[in-house]
Amino acid sequence: MTELHFTRPVPVRAVPEGTRPVVSLKGITKRFGKVLANDSISLDVYPGRIKALLGENGAGKSTMMSMLAGRYKPDEGTIEIDGQSVRFTSSKDAIAAGIGMVYQNFMLVDSMTVAENVLLGQEGSLFINPAEMEKRVGELARRYSLDIDPGARIADLSMGERQLVEILKLLYRESRILIFDEPTAVLTPEETGNLFKALWNMTEQGKSIIFISHKLEEVIALADEIAILRRGRIEGELDPSLIESKAELASRMVGKEVLLEVNREPVETGRTVLEIKSLTGLGLVDVDLTVKRGEIVALVGVAGNGQKPLVEAVTGLTRPPVDTVFIMGHPWRKFFAESTWNRSMCYIPEDRLGLATLRNQNLVDNLLLTTRKGFAKGLWLDKKRAARDTRELIEKFDIRPGRIHALAWQLSGGNLQKTVLARELYRQPRFIVAEQPTQGLDVSATEEVWNRLLEARSMAGVLLVTGDLNEALQLADRIAVIYRGQILGVLDTADADTPSKIGPLMAGVID
Amino acid sequence: MLKIRKRDEPWKWGALVVFLGALLFSLLVGGLILAGHGKDALHALDLLWQGSFGNAWALEGALLKAIPLFLCSLGVAVAFRMQIWNIGAEGQFALGAIGATWMALTFPDLPRYVLLPLMFIMAFVFGGVWAFIPALLKLKLRVNEIISTLMLNYIAILLLDFLVFDAWKDPASFGFPMTPEFTPGAVIPSIGNSGIHWGLFFCVVVGFGLWGFMRFTRLGFELKASGEGARVAKYAKIRYGMLVLFVMTLSGGFAGWAGCIETSAVLGRLQGSLMVGYGYTAIVVAWLARLEPLNIAFASFLLAALRVGVENMQLELQIPAAFGSILEGMILLTVLAGQFFLTYTLERRQGGE
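Chains as they are written, first to last, in the numbering used here: chain A, 1 to 511; chain B, 1 to 353.
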């Protein structure tokens with residue numbers, strides 16, 4: 001594992017006496033339908049400093065920054081720039097006010113040069129000759145010590161260099177507040193180090209930087225101040241020099257309050273339904289994991305530490321190396337070649353609308369999606385029986401609106417998840433992979449999903465992939481913690497000190 | 001101020017309202033264009049109506065043109081359902097005509113009940129193979145099917161030209177590029193004394209067949225499900241690659257049948273005038289009909305009627321032939337734009353912002 005190539009030149013910088021914030025968010029609230037994405041957020045950003053915004057996926061980071069960048073309008077609250085209240089109607093307004101954002105997906109024209117991309121869409125840039133363009137952009141790059149050739153074509157550049165071009169675009173527009181959304185996700189450790197030096201340089205010249213991340217060590221290494229966002233609220237603001245350990249930061253990020261409890265009676269375990277043996281590759285390192293019938297094994301970790309490749313390999317979306325994954329006793333290849341529609345494996349994915357359901361089809365068709373072989377009569381499908389069974393499932397799982405002709409996209413998140421769960425349990429699975437099964441659900445739907453998963457233990461083993469520690473502690477018999485593609489430990493939830501051990505492991509700390 | 005809001009419930013009859021609204025709007029703009037050219041717009045639109053629906057003769061003409069359009073469009077729609085962008089119906093139509101002609105010229109003396117089925121089978125095979133090629137290229141070499149199907153159209157038309165100018169040219173045609181006339185056994189007969197041939201009946205059978213296939217069979221369901229993308233197909237353990245090959249073959253086969261019917265029943269021989277762009281108009285029809293077989297029947301009849309009507313207008317008012325295409329394009333654009341209102345609704349913003 002490569003570590004971070006960056007040490008801050010000076011310790012955390014103090015805010016000079018009497019400095020006023022360049023940007024102030026005051027009581028910002030944003031709702032999407034019934035979902036509260038941001039709940040009265042207040043935040044100050046000072047010039048010449050790096051502010052890190054730390055939070056799990058879905059904590060509301062992106063929503064908040066999109067409002068600052070003028071893409072969304074807040075439902076309540078105000079944004080102040082230099083003490084003046086502003087109201088952005090489009091991202092143009094935000095750019096004019098000096099706010100620029102580097103998105104995760106770069107917006108560059110591959111066939112044009114660095115200089116052309118930087119000047120693209122700028123006033124009067126149509127009539128500047130290439131040499132003049134390159135000179136201007138070259139000067140700008142030197143001023144902020146960004147190492148890039150203004151005459152190079154984007155297509156020939158690495159991801160790290162492309163990111164520098166995005167930064168140059170903002171600097172050329174004289175942005176004063178630069179927002180970086182997970183900027184290191186696409187970078188090599190070397191490039192990350194270079195980026196951090198560049199960011200530090202820019203703040204030394206008076207720019208303000210907002211750095212969004214869920215990588216703890218990066219945030220501790222770089223930021224002058226850290227704001228933690230959780231469930232749409234600012235959970236707290238910290239001084240990085242006062243943080244004792246990554247573990248402390250991790251537990252503040254994921255939270256420890258118990259919102260919901262269920263009663264879990266142990267079930268006798270049976271045969272092994274999943275066995276992973278020293279799986280290396282796909283971004284995973286020497287992973288061993290077993291799941292038996294009658295137990296729930298949770299896989300937890302900060303998002304992006306290898307959960308996704310692991311789930312994809314187990315569920316058949318990507319092919320793992322030979323003889324590493326065994327499902328219900330069979331090697332991966334044999335299992336997927338011969339698997340039947342029922343009494344087998346089922347997968348409840350995180351992406352319910354995009355992967356698990358047919359968004360424009362009704363609930364009968366959505367039931368048929370993975371159970372169609374059970375309704376086949378030769379070439380034909382027994383739609384009558386499918387409709388009858390759909391009706392029964394709607395009643396049993398209380399799916400609303402209770403009509404079989406409702407289309408998938410019309411259902412709320414909770415009802416959609418119940419639909420997927422109902423269908424997958426209908427297949428009488430022996431092994432269930434449930435990925436973030438309660439993300440975005442309200443308390444009653446969460447409780448329902450939890451109880452169904454606990455019930456399912458009588459016939460199946462469950463691999464529960466979750467970012468919600470409380471969910472893991474409530475449901476699982478064992479918790480495997482994954483960090484950078486490695487399983488750092490498998491903890492028994494019956495042990496009293498398990499909850500306190502998870503945080504450090506999630507941060508990669510092994511004592 | 002108006003505010004855009006997503007509909008909670010689908011708009012009942014919305015599709016019909018949008019379609020009629022778009023049609024009306026397009027005719028209105030078409031009328032304005034004519035008026036701009038100094039023509040009497042009302043008179044022109046009356047001529048258009050008379051030419052399309054005004055008398056039995058006009059209706060018959062529209063129905064005849066609707067037959068190949070319907071079959072091509074049905075083929076295009078099956079592929080589009082799966083998000084496979086087959087825009088090669090034109091070429092597959094040509095290949096179908098070639099396949100049918102090959103049979104008609106090779107076995108001229110076979111009785112009708114043997115020769116016609118033979119022609120239909122060969123038309124399906126030729127059209128299907130022509131569509132199978134890009135499907136295979138897409139799967140094996142990741143060649144974009146939009147490009148390959150389009151390119152194959154040109155190859156198909158050149159092949160057809162070669163055959164009528166050279167290999168299959170009728171020695172008695174005084175140099176005109178056409179094959180010899182088909183024997184009576186190779187010609188689809190008319191229904192009774194009307195100008196309509198039995199191809200219409202064939203369309204009805206194929207239409208219902210496809211509708212039933214999509215609705216009641218497992219394969220049809222898998223096709224529909226794969227329309228949500230390859231990832232969903234993979235999640236549901238559907239053999240996506242196989243389905244792509246199957247659906248393209250079916251799509252090409254349908255266009256091939258259209259080519260067979262047009263050659264046999266309307267022209268009675270293979271010649272260059274066969275290619276009038278049904279394969280391209282079929283794409284417009286498929287989208288107008290939102291890929292639903294029954295709607296495709298209506299939309300093909302409507303666009304066929306429009307073609308006939310515009311021809312009438314052209315003769316009477318000396319309007320350029322392009323006017324028909326303009327109207328066609330306008331209807332498609334406004335219908336597609338109008339579909340915004342099926343998912344969203346406008347409502348009055350309450351008390352300013």
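It is worth saying that the hints were derived from the structure and are not from the lab. Be aware that a few hints might be false.
[Unchecked claim] Listed below are the simulated BS3-like cross-link pairs for lysine-lysine, each with C-alpha atoms no more than 25 Å apart in a straight line: (1) A/K373 <-> B/K3; (2) A/K384 <-> B/K140; (3) B/K39 <-> A/K334; (4) A/K383 <-> B/K234; (5) B/K237 <-> A/K384; (6) A/K501 <-> A/K215; (7) A/K73 <-> B/K3; (8) B/K237 <-> A/K334; (9) A/K373 <-> B/K6; (10) A/K246 <-> A/K197; (11) A/K308 <-> B/K237; (12) A/K383 <-> B/K224; (13) A/K26 <-> A/K246.
Against the structure, the hints:
no.	hint	in the structure
1	A/K373 <-> B/K3	45 Å, violated
2	A/K384 <-> B/K140	39 Å, violated
3	B/K39 <-> A/K334	73 Å, violated
4	A/K383 <-> B/K234	23 Å, holds
5	B/K237 <-> A/K384	23 Å, holds
6	A/K501 <-> A/K215	19 Å, holds
7	A/K73 <-> B/K3	14 Å, holds
8	B/K237 <-> A/K334	14 Å, holds
9	A/K373 <-> B/K6	35 Å, violated
10	A/K246 <-> A/K197	22 Å, holds
11	A/K308 <-> B/K237	19 Å, holds
12	A/K383 <-> B/K224	15 Å, holds
13	A/K26 <-> A/K246	29 Å, violated
Hints 1, 2, 3, 9, 13, counting from the list given before, are not met by this structure.
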